[in-house]
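K.L.:
In case you want the letters, here they are:
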Amino acid sequence: MAFAIEVKDLVKYYGELLAIDHISFQVEKGEIFGFLGPNGAGKTTTQRILTGIIEANDGAVWIMGYNIRKDAFYAKSLMGIVPEMANPYIDISAWENLMLMGELYGVPKETRIKQADKLLKMLGLNERKNAKVKTFSKGMKQRLLLCIALISQSQLLFLDEPTVGLDVQSARLIRNLIAELNKEGVTVFLTTHNIEEANQLCTQIAIIDHGKIATIDSPENLRQAFRSMQSVEIGFAIPFDDTRLLRKLAGVSQVKKVGEKFRLYTEEPAKVIYELVNLSRTNNIKFTTLNTLGPSLEDVFVKITEQHKGWDYEKH
Amino acid sequence: MKNTKKVKQELRRAWAIAKKDIRIYYFKSPVIIFGIIFPFFLFLAFALGRNISPVFLFPGIIGMTLFFTASSVGPIIMPWEARMRTLERLLSCPVSIQFILLGDIFAGFIFGIIISLVPFLFAILGFGLAMHNLPLFILSILVSSFCFSSLGILLSSPPSDNPSNIMMLSNLVRLPVIFISGIFIPIEHLPAAGKIIANFSPLTYTVDLLRYGFEGVSLYSVSRNVSMLILFLAIFLLLGMKLHKRNLVKRL
Numbered sequence: 001m002a003f004a005i006e007v008k009d010l011v012k013y014y015g016e017l018l019a020i021d022h023i024s025f026q027v028e029k030g031e032i033f034g035f036l037g038p039n040g041a042g043k044t045t046t047q048r049i050l051t052g053i054i055e056a057n058d059g060a061v062w063i064m065g066y067n068i069r070k071d072a073f074y075a076k077s078l079m080g081i082v083p084e085m086a087n088p089y090i091d092i093s094a095w096e097n098l099m100l101m102g103e104l105y106g107v108p109k110e111t112r113i114k115q116a117d118k119l120l121k122m123l124g125l126n127e128r129k130n131a132k133v134k135t136f137s138k139g140m141k142q143r144l145l146l147c148i149a150l151i152s153q154s155q156l157l158f159l160d161e162p163t164v165g166l167d168v169q170s171a172r173l174i175r176n177l178i179a180e181l182n183k184e185g186v187t188v189f190l191t192t193h194n195i196e197e198a199n200q201l202c203t204q205i206a207i208i209d210h211g212k213i214a215t216i217d218s219p220e221n222l223r224q225a226f227r228s229m230q231s232v233e234i235g236f237a238i239p240f241d242d243t244r245l246l247r248k249l250a251g252v253s254q255v256k257k258v259g260e261k262f263r264l265y266t267e268e269p270a271k272v273i274y275e276l277v278n279l280s281r282t283n284n285i286k287f288t289t290l291n292t293l294g295p296s297l298e299d300v301f302v303k304i305t306e307q308h309k310g311w312d313y314e315k316h
Numbered sequence: 317m318k319n320t321k322k323v324k325q326e327l328r329r330a331w332a333i334a335k336k337d338i339r340i341y342y343f344k345s346p347v348i349i350f351g352i353i354f355p356f357f358l359f360l361a362f363a364l365g366r367n368i369s370p371v372f373l374f375p376g377i378i379g380m381t382l383f384f385t386a387s388s389v390g391p392i393i394m395p396w397e398a399r400m401r402t403l404e405r406l407l408s409c410p411v412s413i414q415f416i417l418l419g420d421i422f423a424g425f426i427f428g429i430i431i432s433l434v435p436f437l438f439a440i441l442g443f444g445l446a447m448h449n450l451p452l453f454i455l456s457i458l459v460s461s462f463c464f465s466s467l468g469i470l471l472s473s474p475p476s477d478n479p480s481n482i483m484m485l486s487n488l489v490r491l492p493v494i495f496i497s498g499i500f501i502p503i504e505h506l507p508a509a510g511k512i513i514a515n516f517s518p519l520t521y522t523v524d525l526l527r528y529g530f531e532g533v534s535l536y537s538v539s540r541n542v543s544m545l546i547l548f549l550a551i552f553l554l555l556g557m558k559l560h561k562r563n564l565v566k567r568l
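Listed in order, the protein sequences are those of chains X and S. Numbered as in our numbering, the first sequence ends at 316 without a single skipped number. Numbered as in our numbering, the second sequence ends at 568 without a single skipped number.
In isolation and in its complexed conformation, chain S is listed as follows (with noise of 0.2 Å):
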């Protein structure tokens, strides 16, 4: 009873922590380069000029989108919170580093689904696209940002207080990503070793749960993608929260 109490309380204060984070981090020039200027240009570069079809397209744009918007949050915000000295006064207030990286993970979450919004109405209201599974579209886009976000607070584990060394070595995991989760080339047209590789990202599962929510097709089937995300989140998540907490002192 008193620990549930106090779940409730911890989980409202994550809540205060994350409304904290959408007023100053989502503005920050990384957030904004790293998180929609730099995947907007990516798409322009690889999709323009070639012969794909918008149901094709528009799962994996929006996976990438979606992919890069909610981890861009998290790597920005604990580098930057050290360097501005926020940091300790914000360790010691009564919530546990769990909860107050839950906070974190709940801006990149929120990001995430709204910028994803962008190319999703483009796809429905622009190209006419039908939907196949409106609910199993909707919580892909949640369990995939929730999953996003929380692999942004693992990639801020390291212990530096600059937030462009954080965002350098999160674009060296991010971008690789994008080529092996059949976004632009599906993963039935990969080489044998892409196929094997593709397994290891998450945002293979995202983009072929997402196409399932537009075509009923899935290279896949829906509960094994589902199955993978939700195994990826618990390895961000539980990874991203031992690490900080081990490396929090340093920090400081």
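Here chain X stands alone, though its shape is the one from the complex (with noise of 0.2 Å):
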């Protein structure tokens, strides 16, 4: 099957700063590839070696079977990219924007007109298509920057933080259209510091820390590799503080308060809920709450790029 985007060993230096360190991943077609990382990780680095806006020192990059630095023109050709902290032509209006990323992607006239219309509509921006850009707000300026990445009809999408700082509507309404692309077959690689956002719409994520590929797996298999993870969520109807007494249950491994209620880690959720059972007969202490929590992507997150050096999660 040939893949949507291969990676083999890339390598990339500022100066002496080793900034990606031989990473090497294949996105398939049809995913939505979430990539992680913490800041300064090399996420951008890596968005910009795949779109072919700067050159890795070493490596190779493969964009639905093309080479991104010998066959760029074709290569760019099949992207829609939204880049981080980009910017529309703020002096030019919406349709113009719009137009002029047309004809640098080589759609002719009447297909960008009729695309730009359709995308205006989608994104909520036809009433103001011929305003010019710097009139918008920020969730504006990003609908119409993911309108830009669409002109070309790509089946394939590169978004860097596309919701980051925006309204709750405008965030919202660029992930139901990630989503629904995605189910037109269109392949999304998602960078984003958003970890919720990911779990939401990928189907494999990459976390990326100090340059290298921590792990790669979907969501759902992240969460089980981190069983250790696995929490039981305690409140009490009166006032308790004794962390000592719950940290001596069997099967606990470490314990945090979160607010008035108490989060008891462990492998062995079904036998610490037992312990507690005992310790509320035995203590005469009421229960308001018990739950059970999986490992979020958020603790999966945070367990990898603190620890990712010699860690192999696949033994926890």
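Don't take every hint at face value.
[Stated by the list, open to error] Facing chain X, a subset of chain S residues (Cβ under 8 Å, in silico):
hint, residue
1, Lys322
2, Arg329
3, Lys336
4, Ile340
5, Arg401
6, Glu404
7, Arg405
8, Leu407
9, Cys409
10, Pro410
11, Gln414
12, Val565
[To be verified] Straight-line C-alpha distance at most 27 Å; calculated DSS-like pairs for lysine-lysine:
hint, chain 1, residue 1, chain 2, residue 2
13, X, Lys212, X, Lys29
14, X, Lys134, S, Lys566
15, S, Lys324, X, Lys70
16, S, Lys561, S, Lys318
17, S, Lys335, X, Lys134
FYI, nobody ran anything at the bench for these hints, they're computed from the structure. Yeah, the Cβ is synthetic: ideal placement off N, Cα and C, and Gly gets one too.
Reassemble the complex: the two chains are provided individually, in unrelated frames, and hints are given to aid placement.
P.N.:
Laid out in structure tokens, this is it:
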């Protein structure tokens, strides 16, 4: 099967700083591939190499079978891109921005007019299509950037933090659109800080840290791999502050106070619940709530990025 | 065959970039101030009150106007795009950096030609100057405008996202050039050192060609003037593209 994106042994230096350290991965056609990592981990550098904006020092990237370095013109023609912190041209209208980008992607005039019309309506910008973009809000500019990325009807989208700093409605509109496009077969490479967004949208997630891929898996498998991060959350009917007592319960590895509740981390939630019930009977302490929680993707992310040096998550 | 098709497609996209530049950058204040107003007042300061014949004066004015206008658009584009965060989006399009810069050069080229039509028409209609060789005159305008517009691109290659820094640098380079190119003082009247330095100014060859177009008389031969302009054009173009490519990452 031909991959939408294939990355092999990519290396990028900025001066003496090794920003990307021999990373390799593949993105299958039709996937939403989440690319997560802390600030400075190498996310944007990787996306810039993948989209042909900067060149790697070593390694290779294929986009839909085209080598990004040797066949940049053809590879770039197949992508739609929303770069991080980018702006549309603010001195011209939304319509003129779309016509310009359509021309730059070689979209025939009739098609780009139809497509621009459809996209502006779909993203709620049609009323303001002739207004200069300098009068747009941040959310409107971001929606316009997404229209620009879609003007060439690309089958591969690169989105770098597409919802960052947006109001709830704009962010939701963009997320829904990403999911809709994916249903139609569009492959999405989503670089994000927003773990919940990645959790909702992505079929595969790669976590990058210090220029290295720490792990790649589906969100569900990542959570499963970190069974030790399962927890039992408990709230007591009376004021209770004896964390030492909770820590002594069999099967509990760690106790955290979260607001008025306690979170007891364990690999065996059933055993911990049994112990808690015994504790309640013995000490006559009533519960108000008792929930079992799987590890959140955020827990997994923090664990990996804190400890991935030498960490083999499959052992856990 | 595949390559010819690709070049044609990239040329069309370079033209789309030129149209974008025309819409966005022609009316930016640094372009108006340093491309039109500044050379106009410079001309007034040097030419008014001096007994200079129109047939000597106008080739100089047209050459100077072309030089300032064609080279004033390029320096503003890249720093402006970097500052407004539109550059990365542009670079991700299926157009190589060479053709993006070519689009920017087209914009300066057209601006130079349009604005220099003003003194040209003034010379013909206002002062009744006759043309000795119109086709050569037109060729000189075309080659020179392309050459000066490429100079503008070269001047914008330092990786600054501050247009005023680049405009300052470009004026530092452009201002001395007009004093050594035979605009206000004929080159043959310059001291020996001045005559040598004049050879390193592309404007010298433009003004000399324009004088030939009007009068049929020039200091250097037509072929030497044209060859030197093409040589400068090639240097500005190749050096500009190389430096831009090298400095691109620093702009992002």
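K.L.:
Hint by hint, say whether it matches the structure.
P.N.:
Here is what the structure says about each hint:
1. Hint status for Lys322(S) relative to chain X: holds, with the closest Cβ pair at about 6 Å, below 8 Å.
2. Taking 8 Å as the C-beta cut-off, the interface hint given for Arg329(S) holds, the closest approach to chain X being about 5 Å.
3. Against a cut-off of 8 Å between C-beta atoms, the interface hint on Lys336(S) holds, since the closest Cβ of chain X lies about 5 Å away.
4. Among the interface hints, the one on Ile340(S) holds; its C-beta lies about 5 Å from the nearest C-beta in chain X, closer than the 8 Å criterion.
5. A hinted interface residue such as Arg401(S) counts as satisfied when its beta carbon comes closer than 8 Å to some beta carbon of chain X; here the least separation is about 4 Å, so the hint holds.
6. The closest approach between the C-beta of Glu404(S) and any C-beta of chain X is roughly 4 Å, which is under the 8 Å cut-off, so the hint is satisfied.
7. The closest approach between the C-beta of Arg405(S) and any C-beta of chain X is roughly 5 Å, which is under the 8 Å cut-off, so the hint is satisfied.
8. The interface hint given for Leu407(S) holds, since its Cβ lies 5 Å from the closest Cβ of chain X, which is under the 8 Å cut-off.
9. About 4 Å separates the beta-carbon of Cys409(S) from the nearest beta-carbon of chain X, less than 8 Å, and the hint is met.
10. With a cut of 8 Å, the hint placing Pro410(S) at the interface with chain X holds, because the nearest CB-to-CB distance is about 4 Å.
11. The closest approach between the C-beta of Gln414(S) and any C-beta of chain X is roughly 11 Å, which is over the 8 Å cut-off, so the hint fails.
12. Proximity of Val565(S) to chain X holds as hinted, the smallest CB-CB distance being about 5 Å (cut-off 8 Å).
13. For the given pair, Lys212(X) sits about 23 Å from Lys29(X) by alpha-carbon distance, which is consistent with the 27 Å threshold.
14. The straight-line distance between the Cα atoms of Lys134(X) and Lys566(S) is roughly 26 Å, inside the 27 Å bound, and the hint therefore holds.
15. Simply put, Lys324(S) and Lys70(X) have alpha-carbon atoms about 18 Å apart, close enough for the 27 Å limit, and the pair holds.
16. Distance check on the hinted pair: Lys561(S) and Lys318(S) sit about 24 Å apart at the alpha-carbon level, within 27 Å; holds.
17. Restraint check: the Cα-Cα separation between Lys335(S) and Lys134(X) comes to about 19 Å, which is no more than 27 Å; the hinted pair holds.
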